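There are 2 protein chains.
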Amino acid sequence: MHLPKTDKKRIVIIGGGFGGISLAKKLRGLDAQIVLVDKHNYHTFQPLLYQVSTSGLEPDSIAYPIRKVLKNLDNFHFRWATVKEIDPVKQEIHTDIGQLTYDYLVLATGTKTNFFGNTDIEKYAMPMKSVPQALNIRSLMLQNFEDADNCDDLEERKALLNFSIVGGGPTGVELAGAFAELKRNVFPKDYKHLNIDEMQIHLFEGSDRILPPMSEHASKKATRFLQELGVKIHLNTMVSTYDGERLTLKDNTTIRTKNFIWAAGVTGAIVEGFENSVLKDRLNRYKVNKYNQVEGYESIFAIGDIAYMQTDEFPDGHPQVAQPAIQQGELLAQNLKRSFKGETMRPFVYYDKGSLATIGRNKAVADIKKLRFGGFFAWFVWMFVHLMALVGFRNKVVVFFNWAYNYINYDKAARLIVRPFTPKT
Amino acid sequence: MHLPKTDKKRIVIIGGGFGGISLAKKLRGLDAQIVLVDKHNYHTFQPLLYQVSTSGLEPDSIAYPIRKVLKNLDNFHFRWATVKEIDPVKQEIHTDIGQLTYDYLVLATGTKTNFFGNTDIEKYAMPMKSVPQALNIRSLMLQNFEDADNCDDLEERKALLNFSIVGGGPTGVELAGAFAELKRNVFPKDYKHLNIDEMQIHLFEGSDRILPPMSEHASKKATRFLQELGVKIHLNTMVSTYDGERLTLKDNTTIRTKNFIWAAGVTGAIVEGFENSVLKDRLNRYKVNKYNQVEGYESIFAIGDIAYMQTDEFPDGHPQVAQPAIQQGELLAQNLKRSFKGETMRPFVYYDKGSLATIGRNKAVADIKKLRFGGFFAWFVWMFVHLMALVGFRNKVVVFFNWAYNYINYDKAARLIVRPFTPKT
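From first to last, the protein sequence lines are chains A and B.
In this text, residue positions in the first sequence follow full-length UniProt numbering: the first is 1, and each later residue adds one.
In this text, residue positions in the second sequence follow full-length UniProt numbering: the first is 1, and each later residue adds one.
Hint data in this document are derived by calculation from the structure and do not stem from the laboratory.
Just so we're clear, the structure is a prediction, and the values are computed from it rather than from any experiment.
Keep in mind that the hints are not guaranteed to be accurate.
No copy is singled out in the list; a pair is fine if it fits within one copy or between any two copies.
Unchecked claim - Only pairs whose alpha carbons sit at most 20 Å apart, straight line, appear in this in silico DMTMM-like list of lysine to aspartate or glutamate:
(1) K5 with D153
(2) K68 with D147
(3) K84 with E275
(4) K337 with D197
(5) K8 with D153
(6) K189 with E85
(7) K39 with D281
(8) K9 with D74
(9) K424 with E122
(10) K396 with E295
(11) K280 with D152
(12) K192 with D74
(13) K189 with D74
(14) K68 with D190
(15) K25 with E216
(16) K250 with E198
(17) K71 with D147
(18) K189 with D411
(19) K192 with D251
Please model the complete structure; the sequences and the hints are all you need to start from.
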């Protein structure tokens with residue numbers, strides 16, 4: 001890899017998600033060469049990805065060029081590359097555009113979709129972890145509506161208009177709600193000659209309630225909101241496979257669907273080159289100490305979703321959401337600065353700001369500290385928090401305008417099939 | 001093709017460009033079944049496509065779902081399909097999603113890029129006639145900058161940063177100006193470690209002036225504006241070929257470039273099934289009479305860029321721009337309504353509103369009636385006219401906000417490589 005020669009220490013960050021970006025921003029002022037490597041040239045605001053899938057927002061509203069976020073950082077280099085392997089002995093990183101050495105390495109690679117080893121699901125399901133995947137879901141949805149409008153076979157039409165989402169976590173719940181709003185407010189205007197009741201939305205969850213990481217109160221409220229919108233919720237229901245045409249449940253029931261979205265779980269996006277013992281098995285996260293140092297390595301850190309920090313309060317590690325990643329990134333920046341000055345590092349303490357999930361127009365649920373609430377106020381808080389968290393003034397304005405426009409007009413404007421999606425056969 | 005059965009006459013429109021949309025909108029109130037077929041599910045505002053290529057705007061700002069534009073039209077059916085062939089004897093249209101019959105057929109297919117038979121150019125050049133093509137140019141540009149930032153070979157870097165545009169018409173001129181603005185205002189901030197002077201922009205034009213359809217005054221002004229921005233203009237220069245790495249001029253000079261954009265000409269996007277005699281050869285347009293009826297057919301019409309209407313004032317047909325298409329579409333709607341009532345149709349008379357082209361910030365040229373002017377005022381008029389011409393309130397606001405933001409911040413925000421472009425080898 002080509003980088004300007006320097007006497008400074010080199011800090012390499014792999015991943016431009018919430019953790020990597022928060023860290024890099026706060027490294028401003030440190031006398032080091034900073035290299036951030038990501039397979040995308042932009043940071044994705046993942047909590048709003050489902051709105052890209054469902055025609056509510058365009059990608060540029062929720063993604064931000066990494067070079068632009070970090071334009072005030074001196075000695076900063078972005079490299080658009082995929083990391084192949086790490087050699088922790090030689091302190092080397094191998095990528096598809098060459099290799100580079102590091103003095104400090106920060107793993108902030110986050111997670112990827114977990115298909116639990118089911119290759120059929122991996123092949124045919126639509127995951128939603130990246131902007132291109134979100135756009136694929138949008139294209140497929142619109143294509144299937146176009147096909148349905150031109151289809152005189154009732155069963156085929158129902159399959160085209162069946163939306164089955166696996167996973168009742170925030171992603172699945174927010175997606176189901178957004179599809180239901182499209183059904184209620186948008187598609188009847190676009191497809192006047194279709195019977196919109198033929199569109200069915202199913203949400204499958206393996207446990208006994210949706211939004212399992214949130215409170216019972218939030219689960220109940222969200223369930224009611226989704227049911228009011230016509231979403232069919234299947235609890236304690238495991239989907240065993242999908243062949244591109246038909247999903248099969250554990251009890252062998254089958255359902256025909258052309259829109260099968262997999263939001264059932266994630267697994268660490270690990271990088272090759274470490275010995276297995278470093279990893280915690282189940283979620284593929286790197287075991288780290290309270291300074292986010294990867295077990296056994298002094299100059300390798302892991303932050304965010306890919307880090308497994310066992311504490312008394314969080315014996316299974318921190319929740320895999322934005323806040324721990326941001327907070328760990330910010331603390332690590334301070335710790336690196338301390339370490340450069342010969343000072344001792346400070347341990348990580350998670351400050352839980354609470355959880356929010358939105359179901360649709362005026363409908364959201366919130367668990368903040370000991371407060372549990374749902375409805376219009378929670379929805380308002382959800383909007384405000386997400387708007388403020390977006391990177392950049394332009395994105396805030398564009399998202400706000402789109403939300404206001406969509407709210408007033410009962411519309412979702414981004415209904416272009418720019419890159420048609422070809423389902424695999 | 002599946003369409004509701006009806007006793008009404010069926011009007012089929014092929015193409016949702018300026019002509020097809022203007023026609024369909026004005027058909028409101030006519031007691032007929034109207035079917036519009038297009039290979040995209042959206043209408044593209046082509047005059048601003050170059051801003052999608054150059055990171056100024058996102059596709060959803062300049063494209064509009066066809067179903068949404070025409071939502072107030074009764075008995076209207078959109079079909080997302082590619083037309084394969086027409087059978088004018090059986091009055092049938094064959095598409096990739098089935099066939100349908102028509103009582104009236106309107107060809108509004110516009111033009112496609114003309115490679116003048118050069119298969120190498122067709123294979124390696126970047127055309128810019130559609131939203132996906134515009135996005136490809138954007139991705140390639142950003143990818144080449146990423147590669148250049150990681151490249152220590154000067155010659156290779158210069159090839160990555162060479163932008164060669166063939167065709168000095170409005171598209172080529174506007175693109176060259178936009179690249180020059182990126183060079184001046186945007187890329188130096190993103191790529192601080194690159195020497196931005198290594199980015200070179202070339203504009204090749206076969207005739208002796210750029211903007212040949214406009215006045216001499218406009219050509220001169222535009223030339224000066226482009227030169228001030230550092231664009232190298234090559235007049236009387238024919239590009240004979242490009243092999244993906246190197247372009248060759250007629251005089252055998254070669255230039256290494258990884259960004260080769262072909263805006264040298266268009267040819268009618270004709271539909272198979274007509275006898276050749278109907279067509280005018282050179283530009284592949286259908287010969288029509290003053291009612292836009294295709295020569296030899298009473299119930300087949302052609303409007304816009306695909307129509308060749310010879311008049312005393314326009315012996316070579318009307319200019320292939322938006323205005324004739326819009327005006328012919330609107331007149332044809334009236335004529336069809338007259339015809340349904342047994343009244344006689346009225347002949348087409350073109351009302352020339354003038355021509356505008358923009359080069360960049362505060363820089364545009366205008367020929368309006370007998371007025372020829374350039375500079376800030378022309379640029380202001382250009383912005384106003386284009387903003388007003390955009391379909392939909394939302395698009396107007398979003399484009400206006402983006403322009404204002406970009407103007408104030410000397411920025412172009414849409415710098416995401418969402419779908420990386422893979423150059424052919």
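Tested hints:
1. K5 with D153: between (66 Å within a copy, 15 Å between copies)
2. K68 with D147: Intra 40 Å, inter 17 Å, cutoff 20 Å: inter-copy only.
3. K84 with E275: Classified as within; 15 Å inside a copy, 57 Å across copies.
4. K337 with D197: neither (59 Å within a copy, 36 Å between copies)
5. K8 with D153: neither (68 Å within a copy, 24 Å between copies)
6. K189 with E85: Neither, since 51 Å and 31 Å both go past 20 Å.
7. K39 with D281: Answer is neither: 25 Å inside a copy and 48 Å across each miss the 20 Å cutoff.
8. K9 with D74: within (13 Å within a copy, 69 Å between copies)
9. K424 with E122: Within one copy, since 11 Å is at most 20 Å while 29 Å is not.
10. K396 with E295: neither (39 Å within a copy, 54 Å between copies)
11. K280 with D152: neither (52 Å within a copy, 40 Å between copies)
12. K192 with D74: Between copies only: 10 Å across chains, 56 Å inside a chain, cut-off 20 Å.
13. K189 with D74: Classified as between; 12 Å across copies, 52 Å inside a copy.
14. K68 with D190: between (38 Å within a copy, 6 Å between copies)
15. K25 with E216: neither (37 Å within a copy, 52 Å between copies)
16. K250 with E198: neither (25 Å within a copy, 61 Å between copies)
17. K71 with D147: Answer is between: at 18 Å across copies they meet the 20 Å cutoff, but 45 Å inside does not.
18. K189 with D411: within (10 Å within a copy, 37 Å between copies)
19. K192 with D251: Result: close neither inside a copy nor across copies, 37 Å intra and 59 Å inter.
In summary, the structure is inconsistent with hints 4, 5, 6, 7, 10, 11, 15, 16 and 19 from the numbered list given earlier, while agreeing with the others.
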